[in-house]
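> Protein chains in written order, with our numbering: chain A, 1 to 483; chain B, 1001 to 1456.
Everything labelled a hint here was simulated from the structure, so no lab data went into it. Do not take every clue at face value.
[To be verified] Which stretches of chain B does chain A cover? Using the computed rule of at least three CB atoms under 8 Å from a CB of chain A, they are:
{"no.": "1", "segment": "1114–1128"}
{"no.": "2", "segment": "1135–1146"}
[Said to hold, decoys possible] Label-pair restraints from in silico Cβ distances:
{"no.": "3", "chain 1": "B", "residue 1": "ASN1160", "chain 2": "A", "residue 2": "PHE411", "range": "42 to 50 Å"}
{"no.": "4", "chain 1": "A", "residue 1": "LYS349", "chain 2": "B", "residue 2": "GLN1151", "range": "21 to 29 Å"}
{"no.": "5", "chain 1": "A", "residue 1": "ALA455", "chain 2": "B", "residue 2": "ALA1150", "range": "55 to 63 Å"}
{"no.": "6", "chain 1": "B", "residue 1": "GLN1151", "chain 2": "A", "residue 2": "MET393", "range": "55 to 63 Å"}
{"no.": "7", "chain 1": "B", "residue 1": "PRO1379", "chain 2": "A", "residue 2": "SER378", "range": "51 to 59 Å"}
{"no.": "8", "chain 1": "A", "residue 1": "MET99", "chain 2": "B", "residue 2": "MET1418", "range": "43 to 51 Å"}
{"no.": "9", "chain 1": "B", "residue 1": "LYS1004", "chain 2": "A", "residue 2": "SER378", "range": "55 to 63 Å"}
{"no.": "10", "chain 1": "A", "residue 1": "LYS349", "chain 2": "B", "residue 2": "CYS1146", "range": "24 to 32 Å"}
{"no.": "11", "chain 1": "A", "residue 1": "SER2", "chain 2": "B", "residue 2": "SER1059", "range": "32 to 40 Å"}
{"no.": "12", "chain 1": "A", "residue 1": "SER378", "chain 2": "B", "residue 2": "THR1026", "range": "22 to 30 Å"}
[Unchecked claim] Cβ-to-Cβ under 10 Å is the rule here; a few derived chain B residues that face chain A:
{"no.": "13", "residue": "SER1006"}
{"no.": "14", "residue": "GLU1008"}
{"no.": "15", "residue": "THR1009"}
{"no.": "16", "residue": "MET1016"}
{"no.": "17", "residue": "LEU1018"}
{"no.": "18", "residue": "SER1021"}
{"no.": "19", "residue": "ILE1102"}
{"no.": "20", "residue": "SER1105"}
{"no.": "21", "residue": "ARG1158"}
{"no.": "22", "residue": "ASN1160"}
Glycine is no exception: its CB is placed at the ideal position from the N, C-alpha and C atoms.
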Amino acid sequence: MSPLIYYLLAFGAYTFSIILMTGQSFAWKETTLSFYLGGRRFSALPTTATFCATWMSPLSLVGYSMWLYSDGYVAFLASVNGWILGLLFFPFIVKRLRMKRVLSLPEWLEKTYGDNRVRKLVALTMIFLYTLYLVIQFRAFGIIVSYMLDIPSGFASTSLIYLFVLYTAFGGYISIVRSDMLNLLLIVLGVTVAAAFALPSGFSFTTAADVFLMKGQLETVKSLSNAEIFSAFAIMLSWGLGVAGNPQYAVRILASRTEKDAYKMIAASPFIVGWIYICVTFFILVCRSYYPAIVNIEETLSFARLGQYLPAFASTFLLIGVIAAAVSTANSQLLLAACSLCYDLFPIKMEESKKESIIYYEDRFLVINRIAITVIASIALLLSHAGLPGYLMLGRISWTLVAICFFFPLFLPSWIINDKLFFVLSTALSVQCFLVFAAEISPENAMLAVLMLEALLFKMFKYSILDNSRKTQDDPAGEEKDV
Amino acid sequence: MYSKYSLETLMKWIFMSLAVSMVALTLGARLHQSYVAKKNSAEEFGRELMVISEEREFSLQKEIVMGQLGPFWREPLPGEKPELVIKNGDQSLGFILDAKNIIISLVEDERFLILVGLLGLVAAVELAVLISYVLTRPLRRLAWGCRQIAQGSPVTIRHNALSPYEFHELTDSFNDMAKQLERWKEVQRQVSRMDRLAALGEMLSGLSHEIRNPLASIRIQLDLLRMEVESIPDDPGSSAGIGLSDAKEYITILDHEIDRLNRIVTQLLSFVRPKQPIMAKVRLDDILPWCMSMLKPQAEKQGIELVTQKLDSDVNVMADNEMLQHIIMNLSLNAIQSMPASGSGREKKLSIATGYSETDRGIKTMGFIRVSDTGPGIPAEIQHRIFDPFFTTRQDGTGLGLSIVQRIVDGLGGTLSMDTSSRGTNFNIFMPLAEDGRYDVDLNQMEVSANEYMDS
Chain A
1 MSPLIYYLLA
11 FGAYTFSIIL
21 MTGQSFAWKE
31 TTLSFYLGGR
41 RFSALPTTAT
51 FCATWMSPLS
61 LVGYSMWLYS
71 DGYVAFLASV
81 NGWILGLLFF
91 PFIVKRLRMK
101 RVLSLPEWLE
111 KTYGDNRVRK
121 LVALTMIFLY
131 TLYLVIQFRA
141 FGIIVSYMLD
151 IPSGFASTSL
161 IYLFVLYTAF
171 GGYISIVRSD
181 MLNLLLIVLG
191 VTVAAAFALP
201 SGFSFTTAAD
211 VFLMKGQLET
221 VKSLSNAEIF
231 SAFAIMLSWG
241 LGVAGNPQYA
251 VRILASRTEK
261 DAYKMIAASP
271 FIVGWIYICV
281 TFFILVCRSY
291 YPAIVNIEET
301 LSFARLGQYL
311 PAFASTFLLI
321 GVIAAAVSTA
331 NSQLLLAACS
341 LCYDLFPIKM
351 EESKKESIIY
361 YEDRFLVINR
371 IAITVIASIA
381 LLLSHAGLPG
391 YLMLGRISWT
401 LVAICFFFPL
411 FLPSWIINDK
421 LFFVLSTALS
431 VQCFLVFAAE
441 ISPENAMLAV
451 LMLEALLFKM
461 FKYSILDNSR
471 KTQDDPAGEE
481 KDV
Chain B
1001 MYSKYSLETL
1011 MKWIFMSLAV
1021 SMVALTLGAR
1031 LHQSYVAKKN
1041 SAEEFGRELM
1051 VISEEREFSL
1061 QKEIVMGQLG
1071 PFWREPLPGE
1081 KPELVIKNGD
1091 QSLGFILDAK
1101 NIIISLVEDE
1111 RFLILVGLLG
1121 LVAAVELAVL
1131 ISYVLTRPLR
1141 RLAWGCRQIA
1151 QGSPVTIRHN
1161 ALSPYEFHEL
1171 TDSFNDMAKQ
1181 LERWKEVQRQ
1191 VSRMDRLAAL
1201 GEMLSGLSHE
1211 IRNPLASIRI
1221 QLDLLRMEVE
1231 SIPDDPGSSA
1241 GIGLSDAKEY
1251 ITILDHEIDR
1261 LNRIVTQLLS
1271 FVRPKQPIMA
1281 KVRLDDILPW
1291 CMSMLKPQAE
1301 KQGIELVTQK
1311 LDSDVNVMAD
1321 NEMLQHIIMN
1331 LSLNAIQSMP
1341 ASGSGREKKL
1351 SIATGYSETD
1361 RGIKTMGFIR
1371 VSDTGPGIPA
1381 EIQHRIFDPF
1391 FTTRQDGTGL
1401 GLSIVQRIVD
1411 GLGGTLSMDT
1421 SSRGTNFNIF
1431 MPLAEDGRYD
1441 VDLNQMEVSA
1451 NEYMDS
């Protein structure tokens, strides 16, 4: 049968499933807490599902795959290693994050370091980087759908994700978790089927081992120059730190029902994410060995074309998996961007005298959130048709900004001087933007320099405070003497 | 038992079913039309080829003939009867229409329409979500309002501009109902208070008589005792038992205590059976100097500034002058006691003002007396009880002052209102005017109402 019929059927089935599984958009008993964090009532299983589904974006699937396809194992070392490295940081922040009972990471920063300006700065950065990141999801979805349904890649195909994402994000965290359970299932199924049917001669463990250890594959790493190794290391570090500080994952830690559930989620997710990466890596290595001809075309389209070497049904599963990855990441990012805009950047305060009308306040607030979701999604939709750089570049810009904003406040709180945090973060972000956009230095190299600058500033302020207090202790009447 | 599905789910299903039906109908009709057209075209072409083959008697390779026929014809499987037979040289080639290929071609051709159908489906569901939002939000607010009423809190639901007018009607009806319930609660409170007061009055009346008779006897005996003691000559040298001066002192104390008891009983009786008012024209302007002279020493002693204000001149009301003074005295003493002695740091001020005013009773002009203090106000939780007899927050109070005030004001045909906040409390007494020819009418009405009151 024609692959088009498979694709149409699969796309139709996905559309129906999303509609039916997402649940209510405007729940009867919704509150701000249930909209942002699902009322903190999800157990380990759904939380793990949404954690992994959000993790797997088109950048992780398509961007990584095509990098692996063109450059071999170096892509694995620089990206997958970095992402898994970031995962190792999460257990250290579970207690710290959950202790404050907050609704967003910028709010956590304010409550922890007592500076509202930090909250606003970080919220603004999050809106910028998530809008940028949404472009990746929209673009990937558009290209895959246009390839699958053989329609022109343009506004029509991209606007489909706009409808999907609005539909799932309108219901807040609860509907995102529900749709993410379906999305994760499709992603896992897609990559597993692709790996199982990738080998023309049929799957066997010995052949699979041969593919992984093929001489040509390993040589891609051995032949790296020192500069390339440093560059790969820098990318690994930036993506690792980006994952570690990413509010998308921090929010899932905040939203877990209990601390134990959060730990369970962190413990289970490497297995699922790892399985997906193994399958994708295997599929791409097979394609790299057997079908090396796909070059010089857009990365998502290249990925979709690699699917043509699979049986039609397997290719369908794989491409639907990419669509699921785009939808799952996009709705989560959209919710976070709206939260940053409405809750952190321009919060609507309830008048003290009108406390009794909390139901009106919450209704109004949540409607405004949905309007913000629509506005941000529309901007991302328009940007996806603008001439922005490729996935990897957008991803690198976003991850490095995340690392600069959150790494020190989240993981090294003892370094932070509360009243200097705003100055340090705003300086660091400005320098990073200058280095990347004006000086055109690669984002991860710029990030390493900026992280060092941050560390230096924190230490400098720390020592100056210690020095001052020592002077005051030694010479309490110093001021009078000066006079 | 509640059903598990929400209005949004219901709407989604309805809209989705409608959208699916519409898409299925439109798409089905279109696909069927295309299928028939493609089939007819293929058959037509097949027939033409068959005619040509019979006329020209060509001999071609089988693949070339199939290529000429196009993708919609295939060779029949064993057992299948050919729908088209083409003479090719001295042999006949049989062909059959390939429905599967026609359908694949159809889907490829109509994929845009299918996609538009899917888009329409998502759009229909999102429309269902929006419609259910518009419907459920006012309902949610009404449900919240009902819960508030069930918990005993007064509530008014605000209108939502986006809601259809039926919901505005519903909201108005709900607000009317809530208002009526509040009024009904107030009436119930009043009725219950009246019942309690009636029972209390009956009991106090009997009790006061029972106390007053032995009290009169005690007073007589005490007077006799005093006379006896005073007739004994003073003996400063005596040291046995209690001294004469001690006995005199004890008698004085007893005398005071009997007086106090008598006052309380009198107060109780005046509460239970207030004396009949002597209604006359009272000039409120004249009351202010009296207030000043009566209250100034007490206010100065407490460090309170006493202010009298004549907001309007020549305000004449129908009342009993003595009772009016009694009311003002009671309220003023209450106000003085409510202001903390020292240390609060706020200004201590007692104001008594008179003038014309309006009331919510519908009578346009009335005379009023306002007694205001700058005390801490009356806590919300006890505001509804302050006019209850024996309700007091002071250790030495009888709790009768304000209830007597209210009784007197009611008896005089006036109204008493109070507004309080953390900045102080105002008591407003509104009395009917005795002017402009209304004097006689009002006087008669007042007498009637006073008599009715006395009878009750």
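> Determine for every hint whether it applies to the structure shown.
Hints and how they fare:
1. 1114–1128: With 9 residues closer than 8 Å to chain A, the segment 1114–1128 of chain B meets the three-residue bar; holds.
2. 1135–1146: That given contact holds, which follows from 5 residues of the segment 1135–1146 of chain B lying within Cβ reach (below 8 Å) of chain A.
3. B:ASN1160 with A:PHE411: 42 to 50 Å: 46 Å, holds
4. A:LYS349 with B:GLN1151: 21 to 29 Å: 26 Å, holds
5. A:ALA455 with B:ALA1150: 55 to 63 Å: 59 Å, holds
6. B:GLN1151 with A:MET393: 55 to 63 Å: Taking Cβ atoms as reference, B:GLN1151 and A:MET393 lie about 58 Å apart, which means the hint holds.
7. B:PRO1379 with A:SER378: 51 to 59 Å: Hint holds: Cβ distance 53 Å, inside 51 to 59 Å.
8. A:MET99 with B:MET1418: 43 to 51 Å: Roughly 49 Å apart at Cβ, these two residues keep to the hinted range, so it holds.
9. B:LYS1004 with A:SER378: 55 to 63 Å: Hint violated: Cβ distance 35 Å, outside 55 to 63 Å.
10. A:LYS349 with B:CYS1146: 24 to 32 Å: 28 Å, holds
11. A:SER2 with B:SER1059: 32 to 40 Å: 34 Å, holds
12. A:SER378 with B:THR1026: 22 to 30 Å: 29 Å Cβ-Cβ, so the 22 to 30 Å window holds.
13. SER1006: With Cβ-Cβ at 6 Å, under 10 Å, it holds.
14. GLU1008: 5 Å, holds
15. THR1009: For B:THR1009, the interface hint holds, since the closest Cβ of chain A sits about 7 Å away, which is under 10 Å.
16. MET1016: 7 Å, holds
17. LEU1018: 13 Å, violated
18. SER1021: With a minimum Cβ separation of about 14 Å from chain A (threshold 10 Å), the hint on B:SER1021 is violated.
19. ILE1102: It is violated, given that the least Cβ distance between B:ILE1102 and chain A is near 12 Å, above 10 Å.
20. SER1105: 9 Å, holds
21. ARG1158: At about 6 Å, which falls below the 10 Å cut-off, the nearest Cβ of chain A leaves the hint on B:ARG1158 intact, so it holds.
22. ASN1160: Holds: closest Cβ of chain A sits about 9 Å from B:ASN1160, inside 10 Å.
Of the numbered hints given earlier, the model fails hints 9, 17, 18, 19; all others are met.
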